[in-house]
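*Asks:* Each chain, letter by letter, is given below.
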Amino acid sequence: MKTFLYTIISILCFATAVRAQNADSSAINLNEVVVSADAASARQKLQPLTIMATGKQYITEHRSNSLMTSLEKLPGVSAFQVGQGFAKPVIRGLGFNRLVVAENGIKQQGQQWGADHGLEIDQYDIDNVEIVKGPASLQYGSEAIAGVVRITSHRWRSEDGLSGSVMLNGGSNNLLFGTSNDIYYQKNNRYFSLRATYQNFESYRVPAISFDYQKYKFSLYRGILKNTAGREADVSLHTGFRTKRYEMGLSVSNIHSKAGFFAGAYGLPGTVDMSDDGQPRAINMPYHEVNHFKAVVNQTYKLNAQHKFTADLGYQYNLRQEFSKPHTHATNPNINRDSLIATMGDIELEMRLQTASGNAAWEYRAGSNLLQAGVNAEYQHNRVGGYFFLLPEFEQFTGGVFATDRYMISEKLAATVGARYDVGYTHVHPFDGKIQGNDPISELKKNNGNASFMGGVAYNPAPEWDLKLNAGKSFRIPTVNEYAIHGITHVMFRMEVGDSTLTPETSYQIDGHTAFKKEWDDGFIRRVSVAASVFANYFPNFIFLKPSSELLESIEAGQKYNYVQSRVFRTGGELEARIDVGNHFRWDISAEYVRATDMDDDFPIALTPPMSITNEWSVLWQKIAWFRHNRFAVAYRYTARQDRVARNEYVTPEFHLIDLSLTVGVPMGRIREAQVVFQVQNLFNVKYYKHLSFYRRMNMPEIGRNMLLSLLIPINR
Amino acid sequence: MKRIMYYASVALLSFTVAACSEEEAKDTSGPVVTLGEPEKGEEFTAGSAGGVHMEFDLADESGIGQYSIDIHSAADGHSHSSVVHTSANTGVAWGYQKVYDDATGLKNHHVHVHSDSIPANALLGDYHLAVRATDIHGNETYVATTFVLVDHEVDDDHDHDEDE
Chain A
1 MKTFLYTIIS ILCFATAVRA QNADSSAINL NEVVVSADAA SARQKLQPLT
51 IMATGKQYIT EHRSNSLMTS LEKLPGVSAF QVGQGFAKPV IRGLGFNRLV
101 VAENGIKQQG QQWGADHGLE IDQYDIDNVE IVKGPASLQY GSEAIAGVVR
151 ITSHRWRSED GLSGSVMLNG GSNNLLFGTS NDIYYQKNNR YFSLRATYQN
201 FESYRVPAIS FDYQKYKFSL YRGILKNTAG READVSLHTG FRTKRYEMGL
251 SVSNIHSKAG FFAGAYGLPG TVDMSDDGQP RAINMPYHEV NHFKAVVNQT
301 YKLNAQHKFT ADLGYQYNLR QEFSKPHTHA TNPNINRDSL IATMGDIELE
351 MRLQTASGNA AWEYRAGSNL LQAGVNAEYQ HNRVGGYFFL LPEFEQFTGG
401 VFATDRYMIS EKLAATVGAR YDVGYTHVHP FDGKIQGNDP ISELKKNNGN
451 ASFMGGVAYN PAPEWDLKLN AGKSFRIPTV NEYAIHGITH VMFRMEVGDS
501 TLTPETSYQI DGHTAFKKEW DDGFIRRVSV AASVFANYFP NFIFLKPSSE
551 LLESIEAGQK YNYVQSRVFR TGGELEARID VGNHFRWDIS AEYVRATDMD
601 DDFPIALTPP MSITNEWSVL WQKIAWFRHN RFAVAYRYTA RQDRVARNEY
651 VTPEFHLIDL SLTVGVPMGR IREAQVVFQV QNLFNVKYYK HLSFYRRMNM
701 PEIGRNMLLS LLIPINR
Chain B
1 MKRIMYYASV ALLSFTVAAC SEEEAKDTSG PVVTLGEPEK GEEFTAGSAG
51 GVHMEFDLAD ESGIGQYSID IHSAADGHSH SSVVHTSANT GVAWGYQKVY
101 DDATGLKNHH VHVHSDSIPA NALLGDYHLA VRATDIHGNE TYVATTFVLV
151 DHEVDDDHDH DEDE
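Read top to bottom, the protein sequences are chains A and B. Read left to right, the first sequence gives residues 1 to 717 (the numbering used here). Read left to right, the second sequence gives residues 1 to 164 (the numbering used here).
Don't take every hint at face value.
The following label-pair restraints were derived from C-beta to C-beta distances [to be verified]:
(1) B:Asn108 - A:Ala377: 56 to 64 Å
(2) B:Lys98 - A:Gly399: 46 to 54 Å
(3) A:Ala233 - B:Gly41: 48 to 56 Å
A few chain B residues facing chain A, derived, Cβ under 10 Å [claimed, not checked]:
(4) Gly30
(5) Ser68
(6) Tyr100
(7) Asp101
(8) Thr104
(9) Asn108
(10) Gly138
Source of the hints: derived by calculation from the structure; they are not laboratory data. Here the structure is a predicted model, which means the values were calculated and not measured. Backbone N, C-alpha and C fix where the C-beta goes; we use that ideal spot for every residue, glycine too.
Based on the sequences and whatever the hints tell you, model everything.
*Replies:* Rendered as structure tokens:
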């Protein structure tokens with residue numbers, strides 16, 4: 001109920017502010033820093049899907065330890081967090097295999113495997129992020145049921161020449177230091193850029209002195225989560241050339257990260273795992289190391305004003321290894337540890353996933369029609385190693401053909417229809433179960449095929465208004481872990497078991513979106529933009545993990561969870577508003593809510609993000625003494641209690657967080673300016689729990705107060 | 001202006017309606033486990049053939065699923081809220097893990113079991129005993145206690161000394 005009180009208060013304040021606009025005061029234009037929803041508006045017009053776009057600037061001002069936590073304040077976007085530095089995207093409560101992260105048009109593969117994997121993308125090597133909320137399956141294939149996080153990492157600049165930048169940053173909580181530097185050269189319709197990023201952090205601190213591990217209480221030395229230190233080293237190279245009709249871009253990147261796992265996340269920790277060893281930057285076992293190599297070629301050919309062809313080709317190699325001493329896994333008398341160590345060393349799990357992907361599309365403009373048609377294909381090849389077993393080896397091919405047409409009924413009204421057909425072939429290799437005394441997994445060969453449809457209208461009755469409605473059916477081929485996972489997942493303290501008889505998951509969705517935007521040259525209120533979205537979503541056979549009554553003879557294995565299918569209904573919405581008051585004040589509101597129910601069992605679905613409202617009040621100054629484009633912001637985030645929980649899932653209490661952010665621009669020469677961003681996250685060092693956190697199961701609070709300073713210095717001739 | 005408010009209210013109303021939730025009365029709790037034996041801090045003797053004597057009651061309105069017993073040494077110093085009295089010694093790590101399904105479907109069940117015999121050279125000190133139980137829906141409960149394993153030779157020597 002308190003939840004609604006906060007909602008209503010925010011809404012009321014907002015309504016008051018809207019009404020408060022009157023007509024006096026002088027007219028000085030705000031030199032806009034393009035943030036959040038605005039960048040998308042041009043693209044949004046007469047598109048049936050809701051797209052939120054953010055640029056580099058938004059990420060810089062809201063920078064957190066990983067890309068997804070930097071974007072978390074956007075309405076409808078959440079991050080499933082694994083300590084610091086690693087987070088997975090979640091859109092409207094769906095993540096993992098139900099959304100697509102596409103960088104430069106190629107679906108990122110490797111982050112979907114388990115809860116404890118981050119997103120292997122350099123958050124400094126991003127030019128633009130767009131978040132498509134709602135099913136984008138038509139363009140991106142069957143996994144995009146919840147939406148797409150579309151990342152562009154390279155772009156042509158408006159002027160030729162040599163430029164570059166040096167970025168330095170630091171964080172107080174985990175004594176993070178990082179640097180990301182790039183050089184860019186563009187001439188004669190060719191460009192070349194190189195970026196290197198390095199970051200290194202200590203174990204982080206939480207505002208708590210103890211935590212619970214399965215009814216046992218452990219103390220934390222000075223609130224330090226020992227062995228959560230990590231480092232990341234990334235290199236990326238972009239190059240491209242263009243002619244009048246043809247444009248080509250090549251991106252090659254290698255992301256390498258290594259980070260410790262808090263000992264409590266693995267087996268039963270001893271006090272030695274908690275006590276200070278005087279080496280807070282050391283990464284000891286258990287730890288994981290991930291290397292993601294990616295090469296992408298994007299090509300565009302414009303035949304004439306009507307025809308445009310695009311083609312993307314990508315190759316990715318995701319190598320993921322988890323290291324731990326075999327004896328950390330307590331007690332299975334069937335394991336001969338000495339022989340394990342002799343043959344496998346300390347590698348507990350190893351996954352080598354190679355992915356080759358290709359897209360080709362044709363765009364045809366004819367009169368009032370914009371016709372798009374294309375094909376996607378993807379081949380995955382996974383091999384495993386290590387003395388433990390989680391996921392079998394497999395090969396998977398998926399492919400699809402699609403066609404969409406947008407028809408402009410009038411200047412103000414457009415209708416879009418589309419259809420897609422996908423096929424998938426999955427080959428899971430047998431596994432004899434010898435490692436852990438597991439049940440053997442038999443070979444599995446699956447053929448799947450299914451159709452997706454969508455239809456939508458976009459209506460702009462007046463320049464200020466943008467209304468969208470769309471409905472569709474999408475589907476998703478079960479992933480290999482849903483088919484065949486068989487192993488203990490750390491922290492969750494459960495044995496997860498796949499089901500080879502799962503059928504492709506189908507989703508029916510309806511989305512509505514209303515946006516209003518108006519500017520006034522004078523008056524108290526200069527600019528108002530409000531956007532509200534609602535959705536409802538029905539899955540006749542949603543795939544999820546359900547606890548069984550079966551127990552296992554190991555303290556860290558605990559209970560057996562099986563992948564099952566059930567009817568699921570999901571609904572929710574987002575609200576986003578921005579009000580510019582006078583020339584110097586801005587108020588941003590963003591709110592989100594999702595509700596998901598397993599209709600067969602009448603139970604909530606696990607890992608549904610709680611309702612949350614963020615209010616951000618900023619003061620903007622174009623110029624103070626030498627400093628330009630200055631901004632000071634206070635953000636207040638209220639996250640409601642999540643008590644709609646699945647069986648055995650913890651209720652997460654509400655929390656209030658205050659963040660501060662100060663951005664100052666220091667002019668360097670005529671155009672360039674250096675930027676200093678100082679942030680204080682969790683100002684009051686509040687002890688809070690995040691419902692979508694890997695360590696929630698351990699009753700481990702989230703990171704305490706963190707001060708971040710970053711300095712961006714542009715360099716050019 | 002009116003129209004703005006109208007559209008905004010419609011959007012917000014649907015948002016609020018979506019946010020309202022009805023109450024649910026479901027079995028969301030695992031079996032109630034009432035530990036009788038061993039009592040917290042109770043002493044057992046290494047080398048005892050009868051093992052650890054355990055008695056506890058299980059109760060669940062929907063029906064018990066399975067229950068498991070896990071005994072492991074706490075001598076590495078990990079603790080729960082009780083006082084730690086870890087003794088440093090060099091015994092053999094001993095433990096007992098077993099899953100039982102003899103109560104499946106029952107609403108109440110009294111458990112009386114013994115662990116395997118405790119080796120004479122078992123690692124001494126604090127031991128953790130954890131009982132985990134599920135109901136037929138998969139709701140889980142976890143209860144833990146501590147007992148102490150003492151050396152049989154200490155007592156023997158002591159008795160022997162007195163006899164002399």
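*Asks:* Does each hint fit the structure? Answer for all of them.
*Replies:* Okay, the hints, checked on the actual structure:
1. B:Asn108 - A:Ala377: 56 to 64 Å: 59 Å, holds
2. B:Lys98 - A:Gly399: 46 to 54 Å: 49 Å, holds
3. A:Ala233 - B:Gly41: 48 to 56 Å: 51 Å, holds
4. Gly30: 8 Å, holds
5. Ser68: 4 Å, holds
6. Tyr100: 9 Å, holds
7. Asp101: 9 Å, holds
8. Thr104: At about 7 Å, which falls below the 10 Å cut-off, the nearest Cβ of chain A leaves the hint on B:Thr104 intact, so it holds.
9. Asn108: Cβ of B:Asn108 sits 16 Å from chain A, so the hint is violated.
10. Gly138: 3 Å, holds
Checked against the numbered hints given earlier, this structure breaks only hint 9.
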